[in-house]
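Residue-level listing of the chains:
Protein chains: 2
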Amino acid sequence: MGAVKTKRMPRAVREQQMLDAAVRIFGRRGYMAASMDEIAELAGVSKPLVYLYLNSKESLFTACIRREAEALVEAVRAGVRRELPADRQLWEGLDAFFTHTSRNPDGWAVLHLQARTHGEPFAAVVTAMREEIVVFVTQLIVDAAREAHRDPHLPGREVAGLAEALVGAAESLAAWANATPGTTARQAAATLMNFAWAGLGDLMDGRPWSPPEPDQDAQDRGQTGGSAETSPTR
Amino acid sequence: MGAVKTKRMPRAVREQQMLDAAVRIFGRRGYMAASMDEIAELAGVSKPLVYLYLNSKESLFTACIRREAEALVEAVRAGVRRELPADRQLWEGLDAFFTHTSRNPDGWAVLHLQARTHGEPFAAVVTAMREEIVVFVTQLIVDAAREAHRDPHLPGREVAGLAEALVGAAESLAAWANATPGTTARQAAATLMNFAWAGLGDLMDGRPWSPPEPDQDAQDRGQTGGSAETSPTR
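Top line first, the protein sequences correspond to chains A and B.
When you line the first sequence up against our numbering, it's residues 1 to 234, in that order.
When you line the second sequence up against our numbering, it's residues 235 to 468, in that order.
In short, the hints are calculated from the structure, not lab data.
Just so it is clear, CB atoms sit at the ideal spot from N, CA and C, and this is done for glycine as well.
Careful: at least some of the hints might be erroneous.
[To be verified] Computed from the model, here is a short list of chain B residues facing chain A with C-beta under 10 Å:
#, residue
1, A297
2, R300
3, G353
4, F429
[To be verified] Residues of chain B clear of chain A, computed beta-carbon distances all greater than 10 Å:
#, residue
5, A268
6, L283
7, L400
8, L407
9, R420
So that you can see chain A by itself, here it is in the shape it has in the complex:
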């Protein structure tokens, strides 16, 4: 930071640095208040170079939204082993989602708050990402119903509605978790897993969903032992 460096660096690398800085400033200051001066300074480049590479504040913001949206979808996809039982898949997906949003609070603020608050063109990028996640969750619920080995009495409309409800719940909870000091990603994931899988009725009756034991989880992952670090905090 501070002094503008002129060291030679591949364009792609420098562009990522600009995006890193922009996500941080947009996420913390908000789109309107964010200044291109501050972004350039944080990225360690000159302001004209930011404009040369990213064109305008609008297109820099759009590039941030795209990058953060892709990273989030990729994190959720990569976190789920599709060969596991449905409840384990859901747990892994939620865990991956909340881990990603808690590690990238500025990116999540850009997607969940900023991108939806400053006009339809920005919001449209987030809507497209959301659609991808809804399709993924819908498939997961369909798999779960198939796994239950019976006519699941879940018509297509109901499955679509459940997926929308689950995605909305996750978005809302992620924003709350990031704004609530001391809330870990594991806690948020466990809260939503219990809510989504066991339901409030079972929770009240003291019948929560139970996460896998660390040993079992490690075994599933083909590791040689369980680590306390990877066990969900309940």
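For this one, chain A is given, so just place chain B on it according to the hints.
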């Protein structure tokens, strides 16, 4: 519509007509594309009168958001009989919410999409309304835990998270239901009630939450008989 009427009418009545027209136009066209000409025409008044009463497009939009937010919170509060068991209260709250949002799709579009998409001052009004609903739902979950007559193992943080998740799920599902032709408010409410109360696990096991029988419901309401019209569609 069409001819501008000059008939004498109390200011409060005329202002409500302007707001009715504005909610409709803002909800359907979006804030940016909405024209004050069209709003005045739909309200049956002159454009200068709209400016005289509501000052500017911004303050007209803010007045719409406030009115729709208050109406929604009031509809949910009025729909829930707090003396019922917790699951019935939740069912009534969801039913009231989805009935209101489906009957006022333009108002819901203003709150859920438009108000959050056009800058922080507008979004702040919606955030305040949302807070009220989250507090209401939090209390409902606390009551449910107390009702379960046991140490409910639900710390305050968990209850707050569950309330956030439930509100986020409802918002998401309402937007989806209004955008999906043929989805009734009762269907949306029943989908979310099952999800929230019974959970996906119970749904897959064929153990959904069951709504009250129409006769029982009518009896609870102090009516003399059940009407098929008031029974939830499943």
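Right, here's what the structure says about each hint:
| no. | hint | in the structure |
| --- | --- | --- |
| 1 | A297 | violated, 20 Å |
| 2 | R300 | violated, 18 Å |
| 3 | G353 | holds, 6 Å |
| 4 | F429 | holds, 5 Å |
| 5 | A268 | holds, 13 Å |
| 6 | L283 | holds, 29 Å |
| 7 | L400 | violated, 7 Å |
| 8 | L407 | violated, 5 Å |
| 9 | R420 | holds, 12 Å |
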